[in-house]
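**Student:** So the chains spell out like this:
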Amino acid sequence: MEPVDNCLPLQISIGSVPLSLFIREAALLEPATRRYREFRHNSENGFPVVLKKPEVVLKKPEARTQESGEFSYLLDDARLILRAQDAEFHGVRHEYALDSLLRILLTMVLLPQRGFLLHGATVVRDGRAYIFFGRSGAGKSTVASLSPKGSVLTDEISLLRYSNGCWQAHGTPFWGEFRAAGQNRLVPVAGLYLLKQAREERVETLDARLALRALLPCVLFFASKKYEHETLLRTLLGLVEQIPCHRLHFRRNAEFWRVVAA
Amino acid sequence: MNGQITRNPKLAWREVDGEMVIISPEDSQVHELNETASLVWKHAEGKTLDELVEKISAEYEVARETARADLEELLAALGEKQLMFVSPEAKG
Chain V
516 MEPVDNCLPL QISIGSVPLS LFIREAALLE PATRRYREFR HNSENGFPVV
566 LKKPEVVLKK PEARTQESGE FSYLLDDARL ILRAQDAEFH GVRHEYALDS
616 LLRILLTMVL LPQRGFLLHG ATVVRDGRAY IFFGRSGAGK STVASLSPKG
666 SVLTDEISLL RYSNGCWQAH GTPFWGEFRA AGQNRLVPVA GLYLLKQARE
716 ERVETLDARL ALRALLPCVL FFASKKYEHE TLLRTLLGLV EQIPCHRLHF
766 RRNAEFWRVV AA
Chain G
48 MNGQITRNPK LAWREVDGEM VIISPEDSQV HELNETASLV WKHAEGKTLD
98 ELVEKISAEY EVARETARAD LEELLAALGE KQLMFVSPEA KG
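Going line by line, the protein sequences match chains V and G.
Counting from 1 along the first sequence, just add 515 to a position and that's the residue number in this note's numbering.
Counting from 1 along the second sequence, just add 47 to a position and that's the residue number in this note's numbering.
Don't take every hint at face value.
Straight line, CA to CA, 30 angstroms or less: simulated DSS-like cross-link-like pairs of lysine-lysine [unchecked claim]:
1. G/K57 with V/K740
2. G/K94 with V/K568
3. V/K741 with G/K89
Not the full set, but computed from the structure, chain V residues with beta-carbon under 7 angstroms of chain G [to be verified]:
4. V718
5. L721
6. A723
7. R724
8. L725
9. L727
10. S739
11. K740
12. K741
13. E745
14. T750
Which chain V residues face chain G? A few, computed with CB under 10 angstroms, are given here [as the list claims (entries may be wrong)]:
15. G561
16. F562
17. V565
18. P732
19. Y742
20. H744
21. I758
Please keep in mind that the hints were generated in silico from the structure rather than gathered at the bench.
Please read these numbers as outputs of a predicted model, since none were measured by experiment.
Heads up, the beta-carbon is just placed ideally off N, CA and C, and yes, glycines get one too.
Assemble the whole structure, with the sequences as input and the hints as a guide.
**Tutor:** In structure tokens, the structure reads:
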């Protein structure tokens, strides 16, 4: 990979998407290198992401896909500009902003590849991934904390992608309360579980429509074009047609595995 | 109310188990239509109310007057939500 502005890239791969992050500032490069250490990946074909100084002109807050296909998104003071061949991050002041823009970037890059990010914890059991999803406070980190050490691929943001003829869950560096480095591996998805706190453990199967309705608010999605939403709907329907989706009533203790694994 | 009926062209939608799930890309709002509204969504595009009344009353053995009243109410509700429109030009 050629340097950009005399800057060698930090090469990572998330969800089998190779990225070359060109970070000039050492104050940002060091924490980023630490944060994504489990996702380092040498590739000649990493999608170039060049970090640049803050821009002064563009301040429109909304997500926008232009006719040219260029997508731009303003998040606080930082902006993502995504084109077909590369991306720019402007005004990234700390690793958390970098992390947020990377999530947004991935939602866009994964969209045409039958992939997406979901507010969910991914736990591996017997070689298969269980996705426990829900909005903030639903219990994702609780589920992760009640699962065996080493079995959690993420406690906050799950990455699902259709590849090699099946739906796979990928580990991500995007964590919540666990603040772990993550595991860069992929595991076939066994099931989806919408978290609902209750007084008993119970699994309720959702039909395709209810599953879609449950998933939609939990998908990280920043696009604003009709065709992009159509692509998302198509992807999610493909998922729920192949992978069983449930509502998991649980009491915030490890007993839930009794009904999930049943 | 007999203009041409059209779906809001800005919306993304899919049919799931016979019912429509619709997303407004501008604000990511999700709408779900019940069976009857989904039927109208599928069959009303490009038709006038008269044509739709004819189709629905014939296919579902409903009296025309009943079908018309129900459809007018439904189209008004869909219009309020900016999901379907009845074009004003052709009102007669």
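**Student:** Does V/K740 pass the interface check with chain G, least Cβ-Cβ distance below 7 angstroms?
**Tutor:** Hint holds; V/K740 Cβ to chain G Cβ min 6 angstroms, cut 7 angstroms.
**Student:** Need the status of pair G/K57, V/K740: alpha-carbon distance at most 30 angstroms?
**Tutor:** Judged against 30 angstroms, a Cα distance of about 9 angstroms means the pair holds.
**Student:** Does the interface hint hold: is V/L725 within less than 7 angstroms of chain G, judged Cβ to Cβ?
**Tutor:** violated (9 angstroms)
**Student:** A closest beta-carbon separation below 7 angstroms is what the hint needs, so does V/V718 meet it against chain G?
**Tutor:** violated (20 angstroms)
**Student:** With 7 angstroms as the cut and Cβ atoms as the points, is V/K741 at the interface with chain G?
**Tutor:** holds (5 angstroms)
**Student:** Should the interface hint for V/L727 be scored as holding, given a Cβ-Cβ cut-off of 7 angstroms against chain G?
**Tutor:** holds (6 angstroms)
**Student:** When the nearest CB of chain G is found for V/P732, is that gap smaller than 10 angstroms?
**Tutor:** holds (8 angstroms)
**Student:** Answer holds if the nearest beta-carbon of chain G is closer than 10 angstroms to that of V/I758; otherwise answer violated.
**Tutor:** violated (15 angstroms)
**Student:** Return the status of the interface hint for V/F562: holds when the least beta-carbon distance to chain G is below 10 angstroms, violated otherwise.
**Tutor:** Interface hint status for V/F562: violated (25 angstroms vs cutoff 10 angstroms).
**Student:** Please verify that hint: V/E745, Cβ, nearest Cβ of chain G, below 7 angstroms or not.
**Tutor:** holds (4 angstroms)
**Student:** Holds or violated: G/K94 with V/K568, Cα cutoff 30 angstroms?
**Tutor:** violated (54 angstroms)
**Student:** Tell me if the interface restraint on V/Y742 is satisfied: Cβ within less than 10 angstroms of some Cβ in chain G.
**Tutor:** With Cβ-Cβ at 8 angstroms, under 10 angstroms, it holds.
This entry does not satisfy hints 2, 4, 5, 8, 14, 15, 16, 17, 21, going by the numbered hints stated previously.
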